[in-house]
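Colleague: So you can see what is in the structure, the chains are spelled out below.
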Amino acid sequence: MNRFLIPFGLFIVVVGFLAVGLTLNPRELPSPLVGKAAPEFSLPQLHDPEKVISSNDLKGKVWLLNFWASWCGGCKEEHPVLIRIAQSGEVPIYGMDYKDQRSEALAWLKEWGNPYQIVAVDEPGRVGINYGVYGVPETYVIDKAGVIRYKQIGPIREDILEKKILPLVRELQKQ
Amino acid sequence: MRWLWIFILLLPGLAVAYEAQPLTANPQAEARLKALAVELRCLVCQNQTLADSNAPLAEDLRREVREMIAKDMSDKEIIHFLVTRYGDFVLYRPPWKLTTTLLWLGPFLLLGVGATGLVFALRRRQKKVTDVTLSEAEHNRVEKLLSEGVHRP
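Residue numbers (the working numbering), protein chains in the order written: chain A, 1 to 175; chain B, 1 to 153.
Worth flagging that the hints you see were computed from the coordinates, not collected in a lab.
Values in this document were obtained by computation on a predicted structure and should not be read as measured data.
All residues carry an ideal CB built from backbone N, CA and C; glycine is no exception.
Do not take every clue at face value.
Output of the computed footprint for chain A on chain B, the stretches with three or more beta carbons under 8 angstroms from beta carbons of chain A [as the list claims (entries may be wrong)]:
1. 39-49
2. 108-114
When the alpha-carbon atoms are kept at most 30 angstroms apart in a straight line, the in silico DSS-like pairs for lysine-lysine are as follows [said to hold, decoys possible]:
3. 151(A) with 36(A)
4. 163(A) with 51(A)
5. 144(B) with 36(A)
6. 174(A) with 99(A)
7. 34(B) with 99(A)
8. 36(A) with 110(A)
9. 99(A) with 61(A)
10. 128(B) with 36(A)
11. 128(B) with 34(B)
12. 164(A) with 51(A)
13. 36(A) with 76(B)
14. 99(A) with 164(A)
15. 144(B) with 128(B)
16. 99(A) with 36(A)
17. 71(B) with 99(A)
18. 76(A) with 110(A)
19. 174(A) with 110(A)
20. 99(A) with 144(B)
21. 151(A) with 144(B)
22. 151(A) with 164(A)
23. 128(B) with 151(A)
24. 163(A) with 174(A)
A short list of chain A residues far from chain B (calculated; beta carbon distances all over 12 angstroms) [claimed, not checked]:
25. 6
26. 27
27. 44
28. 47
29. 129
30. 133
31. 167
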């Protein structure tokens, strides 16, 4: 009996590890940038290429930085959530049009609605690299001092918004 | 007609072939990029190196690394640049840290556990094989049986 008990015990342990492993998402990598100053940028605006949007202009308030693109499927998925945030007026969202074409990005916003205060254009994806972006959509919560407090990889879902992002934003706004 | 054929056959001679151009003006830099790119992970298609991947992000990162090489940054600085942005995951060889101790030592640990188990199992088996001293009568019986050979009923 004992002979079978040991392999069976090992089997259960292995199954346990595999079961936990299956529920993990390998695409969610912990960002080393959380808790660090948000990388600075100064980029042309989507709606008015003559104007520049700089991260320095946004110091002193809590804001969300949302990397998106018109070619990105997940962005469409999270779009209603962003619209809802924008309508509530709780926290401003700034968009970063990542590796996209201006005309298509504008058409996308026109069709689905624009939740962003201002959209910056990161056509070569350099600001994306500075922020450690490896897939859109990605969203950063940045505090009044310009420090990244949270990074959302992939679309923002309702539950993540209610449980993580909004409570964090409210707390940061009080500071 | 024959002249036409000769003319047609000679036509390719007019094409001037050049030697293939190197990908960059600086083959040394390209060699460095290659060496670095096989150590770095593409974050989009996670089990490919930066060198293998065709993902747009991998292209961008190769461009970034190329530019850093052009700026004469050391390999260490370039790797630091990527690790501060993407974390240790970007490295194919994870660094030795508290969190990666198990990763590095795990295989040796398992080997140790297996070896110890083997030693114990062998020892236990050895104990089971005990020497039995035969009496004179038993010895004679064995001799007799062996000399008679096998009798099948």
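Colleague: Residue 27(A): least C-beta distance to chain B exceeds 12 angstroms?
Modeller: violated (8 angstroms)
Colleague: Taking 30 angstroms as the top limit, are the C-alpha atoms of residue 76(A) and residue 110(A) close enough?
Modeller: Distance ~13 angstroms between residue 76(A) and residue 110(A) Cα, so the pair holds.
Colleague: Holds or violated: residue 34(B) and residue 99(A), Cα atoms, limit 30 angstroms.
Modeller: Roughly 25 angstroms between the alpha carbons, so the hint for residue 34(B) and residue 99(A) holds.
Colleague: Check whether three or more residues of the segment 39-49 of chain B sit with their beta carbon closer than 8 angstroms to a beta carbon of chain A.
Modeller: holds (count 3)
Colleague: When you check the alpha-carbon spacing of residue 36(A) and residue 110(A), does it fall within 30 angstroms?
Modeller: violated (34 angstroms)
Colleague: Holds or violated: is the Cβ of residue 133(A) farther than 12 angstroms from all Cβ atoms of chain B?
Modeller: violated (8 angstroms)
Colleague: What's the verdict on residue 128(B) and residue 34(B), does the C-alpha distance respect the 30 angstroms limit or exceed it?
Modeller: Since the Cα atoms of residue 128(B) and residue 34(B) sit roughly 60 angstroms apart, the hinted pair is violated (cutoff 30 angstroms).
Colleague: Below or equal to 30 angstroms on CA atoms is what counts here, so check residue 128(B) against residue 151(A).
Modeller: With Cα atoms ~62 angstroms apart, residue 128(B) and residue 151(A) exceed 30 angstroms; violated.
Colleague: Straight-line Cα separation of residue 36(A) and residue 76(B) no greater than 30 angstroms?
Modeller: OK: residue 36(A) and residue 76(B) at ~21 angstroms, within 30 angstroms.
Colleague: Assess, step by step, whether the Cα of residue 174(A) is no farther than 30 angstroms from the Cα of residue 110(A), and give holds or violated.
Modeller: Violated, at roughly 34 angstroms.
Colleague: Residue 151(A) and residue 164(A) were given as a pair; does the straight-line alpha-carbon distance stay at or below 30 angstroms?
Modeller: Roughly 11 angstroms separates the two Cα atoms, so the pair holds.
Colleague: Given the hinted pair residue 151(A) and residue 144(B), is their Cα-Cα distance within 30 angstroms?
Modeller: violated (87 angstroms)
In summary, the numbered hints that this structure violates are 2, 4, 5, 6, 8, 10, 11, 12, 19, 20, 21, 23, 25, 26, 29, 30.
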